[in-house]
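Participant: Using the working numbering, you'd call the opening residue of the sequence shown number 1 and step up by one each time.
Take the hints with a grain of salt, since some may be wrong.
[Unchecked claim] Estimated spans, in silico, between C-beta atoms of each pair: (1) Y180 / Q115: 50 to 56 Å; (2) Y89 / A118: 40 to 46 Å; (3) Y89 / K288: 56 to 62 Å.
[Claimed, not checked] Taking lysine-lysine pairs in the DSS-like style, the calculated list, with each CA pair at most 25 Å apart, reads: (4) K317 / K328; (5) K492 / K513; (6) K317 / K327; (7) K272 / K513; (8) K288 / K513; (9) K279 / K513; (10) K368 / K463.
In short, the hints are calculated from the structure, not lab data.
It should be emphasised that the depicted structure is a prediction, and the values quoted were computed from it without experimental measurement.
Note that beta-carbon positions come from the ideal geometry of N, C-alpha and C, so glycine has one too.
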Amino acid sequence: MTRMNVARLTSLLFLSCFLVCLAFGTLPVQAGPASSPWNGIGPDADPINPNLAMLLDDGVAYAPAEAFAADTVSVTLEEALQIAMVNNYIVRRGLLDIDIADQQIREAWGTVYPQINATGTYTRNLKTPNPFAGSDAGGFFETFGAIQWLSYNEIQRTDADPATEPIAFDEFLDRQQQGYEEAGISFSGGDDGNPFAVENQFQGGFSASQAIYNGAAFAAIRGAREFRAIRENQDALNRQTVADQIRQAFYGALLAREQADVIGLSVERLRKTVQETEKAVEAGLLSKFERVSAQVELVNLETQLIEAQSRADLARKNLALLLGVPKKTELRLLGELAFDERELAEIADQETAYEVALQRRPDLALSKGNLSILAIEEEIQQATYLPVVNAFANYIHVGQVPSERQVISQVEGESFSYQSRSLDFFDGSYWDRASSIGVQLNWRIFDGFGREARLQQNRISQKQAAIDLEFQEHAVWLEIDQAVSDLETALKRIRSQERNLEQAQMNYEFAMKRLQEGAGTPLQERQASSLLDQSRLNYSVAVFDLKTALSRYAKATGEPILAD
Numbered sequence: 001m002t003r004m005n006v007a008r009l010t011s012l013l014f015l016s017c018f019l020v021c022l023a024f025g026t027l028p029v030q031a032g033p034a035s036s037p038w039n040g041i042g043p044d045a046d047p048i049n050p051n052l053a054m055l056l057d058d059g060v061a062y063a064p065a066e067a068f069a070a071d072t073v074s075v076t077l078e079e080a081l082q083i084a085m086v087n088n089y090i091v092r093r094g095l096l097d098i099d100i101a102d103q104q105i106r107e108a109w110g111t112v113y114p115q116i117n118a119t120g121t122y123t124r125n126l127k128t129p130n131p132f133a134g135s136d137a138g139g140f141f142e143t144f145g146a147i148q149w150l151s152y153n154e155i156q157r158t159d160a161d162p163a164t165e166p167i168a169f170d171e172f173l174d175r176q177q178q179g180y181e182e183a184g185i186s187f188s189g190g191d192d193g194n195p196f197a198v199e200n201q202f203q204g205g206f207s208a209s210q211a212i213y214n215g216a217a218f219a220a221i222r223g224a225r226e227f228r229a230i231r232e233n234q235d236a237l238n239r240q241t242v243a244d245q246i247r248q249a250f251y252g253a254l255l256a257r258e259q260a261d262v263i264g265l266s267v268e269r270l271r272k273t274v275q276e277t278e279k280a281v282e283a284g285l286l287s288k289f290e291r292v293s294a295q296v297e298l299v300n301l302e303t304q305l306i307e308a309q310s311r312a313d314l315a316r317k318n319l320a321l322l323l324g325v326p327k328k329t330e331l332r333l334l335g336e337l338a339f340d341e342r343e344l345a346e347i348a349d350q351e352t353a354y355e356v357a358l359q360r361r362p363d364l365a366l367s368k369g370n371l372s373i374l375a376i377e378e379e380i381q382q383a384t385y386l387p388v389v390n391a392f393a394n395y396i397h398v399g400q401v402p403s404e405r406q407v408i409s410q411v412e413g414e415s416f417s418y419q420s421r422s423l424d425f426f427d428g429s430y431w432d433r434a435s436s437i438g439v440q441l442n443w444r445i446f447d448g449f450g451r452e453a454r455l456q457q458n459r460i461s462q463k464q465a466a467i468d469l470e471f472q473e474h475a476v477w478l479e480i481d482q483a484v485s486d487l488e489t490a491l492k493r494i495r496s497q498e499r500n501l502e503q504a505q506m507n508y509e510f511a512m513k514r515l516q517e518g519a520g521t522p523l524q525e526r527q528a529s530s531l532l533d534q535s536r537l538n539y540s541v542a543v544f545d546l547k548t549a550l551s552r553y554a555k556a557t558g559e560p561i562l563a564d
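When you get a sec, could you build the whole thing from the sequences and use the hints?
Facilitator: The structure is reproduced here in structure tokens:
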């Protein structure tokens, strides 16, 4: 393989790995709630970096950006997972979803608690209608004066005093008006003489009701509790996905750093080769063509180094975004892409892994929760066939207060002598109260078969949800099978690359020895160096693939994110 082909292959490999890292680091995650921000962080856990300890103090659910005082923070993979379980944007948002579910439970309980209402109104009557308008008694108000005149004359005729005689109606009105004037009584005019007119009306009261039986309400409470459990399972799924993203991004950042380091070592070796080539050209041992070729190759490799360092920097920033740390915080990754046989010790056979996944995977728990919600909705629909019974109590206080509160009375023993007095605003004659209690039954007997249709729709939805769950369980088997297959493939590649790396190292050492002895050429040394770098990169990519396959396996089996 020529040097140019090796360089092209290396560039393509760098680009593909970078795109993989970027894709795994920026996948969207569906938001959901969580029962606890710790998920496996126990008191016996290994101590973590002091710079990060502030994020995981007892009782802390979220560490704000200001908590990162240092410009540079060093993190291991486990520390990154701990930070993400507390500080990740989607995890924090999911915790608020649980708070919403708690309030929805309170709201559901509110439908069976006593309902108490207070009301109050004030009405100013500008014009009060005649209650007898349109009937034969429409002019009834106008005859009030005549009625008083008839009553007076009847008394005059039937008393024992022969000096008293009935009087004419006009005379009665004149003498009555004179008596009012002598008593200093005047009238505001009222509402056209309507005795039923009251200018000010007040009404205030309380009403209370208590559900005695409401099947739908109690089913809704159970539904709200189940919905909270769904939110918790959604959060667990969300955390599993975030943890997988963190692992992918962390390993991707390590791979990008490893690629930059390998190219950096290659640049250092090539610089030495260029220096030796220049000396050989000056000594007349090599042609200028060899020197120019080496210099051009060095510049190209330095360009690749700049690009690799930029990709490594971007990968760290992408990881910082997933962790939820401030944008100005510089992450220093602790660890390296190294293969450890012990990581494969917990890989179970596919059948066992599948049974474990059925018990632990939060997405399956979500689907089962949806089935439970649909079953509760069926109970709610069935409850609509039964009556709703409520007890109620009402209390009302009414006031009808006229603007003119003058009360006129006749002086005892004198027919046309009058006296008046004004009543207080809160006089008992203007105010009254009422109260009542009872039981109300509301039973919808027939609604045009709407309830039956809704009930059947719900039962069909339950069958669909059961089919979805069955499909999901089969998909879990395939997901585990794919993860195990990826692990086996990555392991085979690692074994192969280990042998290839040993041979590439031996080949480079042999080329260097031949060059030092004068039997080899700088071109052969550069080719051997390129093959060594390529082998190192291939080995790193194989380890990266194994690490990411392990992460996918952990997600497929529902493995806890952090162990105590």
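Participant: Determine which of the earlier numbered hints do not hold for this structure and return their numbers in increasing order.
Facilitator: 5
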